[in-house]
Amino acid sequence: MKILVAVKRVVDYNVKVRVKSDNSGVDIANVKMSMNPFDEIAVEEAVRLKEAGMVTEIIVVSAGPTQCQETLRTALAIGADRAILVESDADLQPLAVAKILKALADKEQAQMVILGKQAIDDDSNQTGQMLAALLDIPQATFASKVVIADGKATVTREVDGGLETIALTLPAVITTDLRLNEPRYVTLPNIMKAKKKTLEIVKPEELGVDIAPRLKTLKVEEPPKRTAGVMVADVAALVEKLKNEAKVI
Amino acid sequence: MILTTEQEMIRDSMRSFAQERLAPFAAEWDKSHAFPAQAIKELGKLGAMGMVVPEEWGGAGMDYMSLVLTLEEIAAGDGSTSTIVSVQNSLACGITLRYGSKAQKEEWLKPLARGEKLGCFCLTEPHTGSDASAITTRADRDGDFFILNGVKQFITSGKNADVAIVIAITDKAAGKKGISCFLVPTNTPGYIVARLEDKMGQHATDTAQILFENCRIPASCLMGKEGEGYKIALSNLEAGRIGIAAQAVGMARSALDAAIRYAKDRVTFGVPIIEHQAVNFRLVDMATQLDAARLMVWRAASLKDAGKPCLTEASMAKLFASEVAEKVCTDAIQIHGGYGYVSDFPVERIYRDMRVCQIYEGASDIQRLVIGRALAQ
Numbered sequence: 001m002k003i004l005v006a007v008k009r010v011v012d013y014n015v016k017v018r019v020k021s022d023n024s025g026v027d028i029a030n031v032k033m034s035m036n037p038f039d040e041i042a043v044e045e046a047v048r049l050k051e052a053g054m055v056t057e058i059i060v061v062s063a064g065p066t067q068c069q070e071t072l073r074t075a076l077a078i079g080a081d082r083a084i085l086v087e088s089d090a091d092l093q094p095l096a097v098a099k100i101l102k103a104l105a106d107k108e109q110a111q112m113v114i115l116g117k118q119a120i121d122d123d124s125n126q127t128g129q130m131l132a133a134l135l136d137i138p139q140a141t142f143a144s145k146v147v148i149a150d151g152k153a154t155v156t157r158e159v160d161g162g163l164e165t166i167a168l169t170l171p172a173v174i175t176t177d178l179r180l181n182e183p184r185y186v187t188l189p190n191i192m193k194a195k196k197k198t199l200e201i202v203k204p205e206e207l208g209v210d211i212a213p214r215l216k217t218l219k220v221e222e223p224p225k226r227t228a229g230v231m232v233a234d235v236a237a238l239v240e241k242l243k244n245e246a247k248v249i
Numbered sequence: 001m002i003l004t005t006e007q008e009m010i011r012d013s014m015r016s017f018a019q020e021r022l023a024p025f026a027a028e029w030d031k032s033h034a035f036p037a038q039a040i041k042e043l044g045k046l047g048a049m050g051m052v053v054p055e056e057w058g059g060a061g062m063d064y065m066s067l068v069l070t071l072e073e074i075a076a077g078d079g080s081t082s083t084i085v086s087v088q089n090s091l092a093c094g095i096t097l098r099y100g101s102k103a104q105k106e107e108w109l110k111p112l113a114r115g116e117k118l119g120c121f122c123l124t125e126p127h128t129g130s131d132a133s134a135i136t137t138r139a140d141r142d143g144d145f146f147i148l149n150g151v152k153q154f155i156t157s158g159k160n161a162d163v164a165i166v167i168a169i170t171d172k173a174a175g176k177k178g179i180s181c182f183l184v185p186t187n188t189p190g191y192i193v194a195r196l197e198d199k200m201g202q203h204a205t206d207t208a209q210i211l212f213e214n215c216r217i218p219a220s221c222l223m224g225k226e227g228e229g230y231k232i233a234l235s236n237l238e239a240g241r242i243g244i245a246a247q248a249v250g251m252a253r254s255a256l257d258a259a260i261r262y263a264k265d266r267v268t269f270g271v272p273i274i275e276h277q278a279v280n281f282r283l284v285d286m287a288t289q290l291d292a293a294r295l296m297v298w299r300a301a302s303l304k305d306a307g308k309p310c311l312t313e314a315s316m317a318k319l320f321a322s323e324v325a326e327k328v329c330t331d332a333i334q335i336h337g338g339y340g341y342v343s344d345f346p347v348e349r350i351y352r353d354m355r356v357c358q359i360y361e362g363a364s365d366i367q368r369l370v371i372g373r374a375l376a377q
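Same order as they appear, the protein sequences are chains A and B.
The first sequence: position 60 = 60 (the working numbering), numbered continuously.
The second sequence: position 293 = 293 (the working numbering), numbered continuously.
Keep in mind that the hints were calculated from the coordinates and are not lab data.
Treat the hints loosely; a few may be bogus.
Partner residues are not named here, just some residues of chain A that face chain B (Cβ under 8 Å, in silico) [claimed, not checked]:
hint, residue
1, Asn30
2, Val31
3, Glu70
4, Arg73
5, Ala77
6, Tyr185
7, Leu188
8, Pro189
9, Met192
10, Lys195
11, Thr198
12, Ile201
Calculated from the model, a selection of chain B residues having no Cβ within reach of chain A, i.e. all distances over 10 Å [unchecked claim]:
hint, residue
13, Met9
14, Ile10
15, Phe35
16, Gln38
17, Met62
18, Gly129
19, Thr137
20, Ala194
21, Glu197
22, Glu213
23, Ala258
24, Ala263
25, Val271
26, Gln277
27, Gln289
28, Ser364
Virtual Cβ for every residue (Gly too), placed ideally from N, Cα, C.
Bound conformation, chain A alone (with noise of 0.2 Å):
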């Protein structure tokens, strides 16, 4: 069974981001890049089905800028067998990413789709969930726990209300909330090893697919800065507050 996956490259989660001085973004120039974690998750899953015989061949897709190339590579360094990268310098919004998968996935013959519930730089949640239908196939989103068996995909998936657990038939789209495990620390000769692996790159016009954005973006800006608190005198103070003030109760 071949299995694709999907990374994105985002500003690292340590970084502390700032808008551009126009309102029309964020800044991502200097400032270091990395793979969404929630996809690092999707690659430790797919190479832990491959290490359990579950998966013969894992396939990991990029779409974005050359640099998505040094991405790929991590992935490849944590076990992915090769590697193929979409390249385009335009804003690259979920559907158009989804269209991209669609095509590759398409072209792969891949069994199943793993990626990232959500990237932590726009936190959309819709990539996984646009792809499953484009392709009209089965999607378990928010994964905890899979488990693959004839053909079949049990997957364990947290909702608000606590956990579900569903069974898909294959091929599906499965995207990966963060309790589904913790990925493997890079080892040294891996990343050498990575090195050598095939990274093709395509471009999105010889996948045949519209990328041209759906949305505008009319202006980003920094959430309002947290005030301090204030002390009330008492529960009855506090009850009124929040009846009257906040409108919370």
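Using the hints, position chain B against chain A.
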């Protein structure tokens, strides 16, 4: 100097490991003098214990540049652990790779490089360190055996090691040419851990005095030829020095990071102290000096990788990095004020851990001696 994608990946991988698996425990290990056995095992699995050993001998098959990136990250997580890793890479693995016979490599290098076994290096004696030719430990031949007698001092991992590389005299009359090198399993009767040093810092490493008392080893334990010991002992000086320099940079970096964190948090006269120019400029000088030290380490490692002579450059890197690191650690304590002097904050431990970088693997003045000789040539 700009790192390649692979080098960045090595740094990032080791940084995550060190920040998640070492740094949170460093204070506890320091207080309880606990040997980080589990962390060492994990580092072995990552390939960090035999980095420049080829893969066929169980190593990671990497270069010295990768080793210094790794050592800086490990040292930034925990100074003690970095010393154990440094000794294993530069001395135990480095020497066995270069001088071990095929059988010795099979028996010792493979498990050493994989981090399954730990090695130590016994050269220094109570009365002699850098003056290696003045050692008195003897290895007397007895048929197919050698019998070791003598005392070795300040042996990193002396208690926890599985194998010791021992430098001893086999022919007193031959002077430097009468010194030989042996691979001694530490479970051999007569290998006695006489004392564990009560050190200023690096409490998680065991620094032992080893007493060899009629320690009888088969002649097959001889590494290299008889009489080659002095040459072997001095053969890996560059690698050792570059390694210590990288450790100094790593420890100082963690002190600098702690100082920056504290300076952003601590408010005096209504502003975080990082906004006071005296504090801000001090941090600037710390960061700048440290960056210069790091570049010297990288330069020495690159020369080593290119197979070029680099003894002077390695000595300069070790001298400069360890001296700068001490200044950075002192300044980090100063920025913390009273809190820098107590163990609730990491900088007092980092200072204690770091301080020995100016001493071991050739003290600062020995480095000056080496560099001075090159200048006078």
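Each hint tested on the structure:
1. Look at A/Asn30: its Cβ only gets to about 14 Å from chain B, farther than 8 Å, so that hint breaks.
2. Restraint check, A/Val31 versus chain B: the minimum CB separation of about 14 Å is more than 8 Å; hint violated.
3. Because the closest C-beta pair between A/Glu70 and chain B is about 5 Å apart, less than 8 Å, the hint holds.
4. With a cut of 8 Å, the hint placing A/Arg73 at the interface with chain B holds, because the nearest CB-to-CB distance is about 6 Å.
5. For the restraint placing A/Ala77 at the interface with chain B, the shortest Cβ-Cβ distance is roughly 6 Å, inside the 8 Å limit, so the hint holds.
6. The restraint placing A/Tyr185 at the interface with chain B holds, with a minimum CB-CB distance near 5 Å, inside the 8 Å limit.
7. The interface hint given for A/Leu188 is met, as the beta carbon of that residue sits about 4 Å from the closest beta carbon of chain B, less than 8 Å.
8. Restraint check, A/Pro189 versus chain B: the minimum CB separation of about 5 Å is within 8 Å; hint holds.
9. Restraint check, A/Met192 versus chain B: the minimum CB separation of about 7 Å is within 8 Å; hint holds.
10. For the restraint placing A/Lys195 at the interface with chain B, the shortest Cβ-Cβ distance is roughly 6 Å, inside the 8 Å limit, so the hint holds.
11. Given hint, A/Thr198 at the interface with chain B, is violated; its Cβ is 16 Å from that chain's nearest Cβ, farther than 8 Å.
12. About 15 Å separates the beta-carbon of A/Ile201 from the nearest beta-carbon of chain B, more than 8 Å, and the hint is not met.
13. With a least beta-carbon separation of about 5 Å from chain A, B/Met9 fails to lie farther than 10 Å from that chain, contradicting its non-interface assignment.
14. Separation of B/Ile10 from chain A is inadequate, the least Cβ-Cβ distance of about 6 Å not exceeding the 10 Å criterion.
15. Here B/Phe35 stays apart from chain A, with its beta-carbon at least about 21 Å from theirs, past the 10 Å limit.
16. No Cβ of chain A approaches the Cβ of B/Gln38 within 10 Å, the least distance being about 14 Å, so the stated non-interface status holds.
17. The Cβ of B/Met62 sits about 6 Å from the closest Cβ of chain A, inside the 10 Å cut-off, so the non-interface label is violated.
18. The Cβ of B/Gly129 lies farther than 10 Å from every Cβ of chain A, with a closest approach of about 32 Å, so its non-interface assignment holds.
19. No beta-carbon of chain A comes within 10 Å of the beta-carbon of B/Thr137; the shortest separation is about 36 Å.
20. Taking the minimum C-beta to C-beta distance to chain A, about 36 Å, the non-interface status of B/Ala194 holds against the 10 Å cut.
21. With 10 Å as the threshold on Cβ separation, the claim that B/Glu197 sits away from chain A holds: the shortest Cβ distance comes to roughly 32 Å.
22. At the 10 Å boundary, the C-beta of B/Glu213 stays outside the reach of chain A, the nearest C-beta of that chain being 40 Å off.
23. Residue placement check: B/Ala258 keeps its beta carbon more than 10 Å from all beta carbons of chain A (closest about 16 Å).
24. Non-interface call for B/Ala263 relative to chain A: holds, since the shortest CB-CB distance, roughly 16 Å, exceeds 10 Å.
25. With 10 Å as the threshold on Cβ separation, the claim that B/Val271 sits away from chain A holds: the shortest Cβ distance comes to roughly 16 Å.
26. Non-interface status of B/Gln277 relative to chain A is upheld: no Cβ of that chain comes within 10 Å, the nearest being about 23 Å off.
27. Residue-level check passed: B/Gln289 sits 22 Å from the nearest beta carbon of chain A, beyond 10 Å.
28. Once the 10 Å rule is applied to beta carbons, B/Ser364 is consistent with being away from chain A; the minimum gap is 31 Å.
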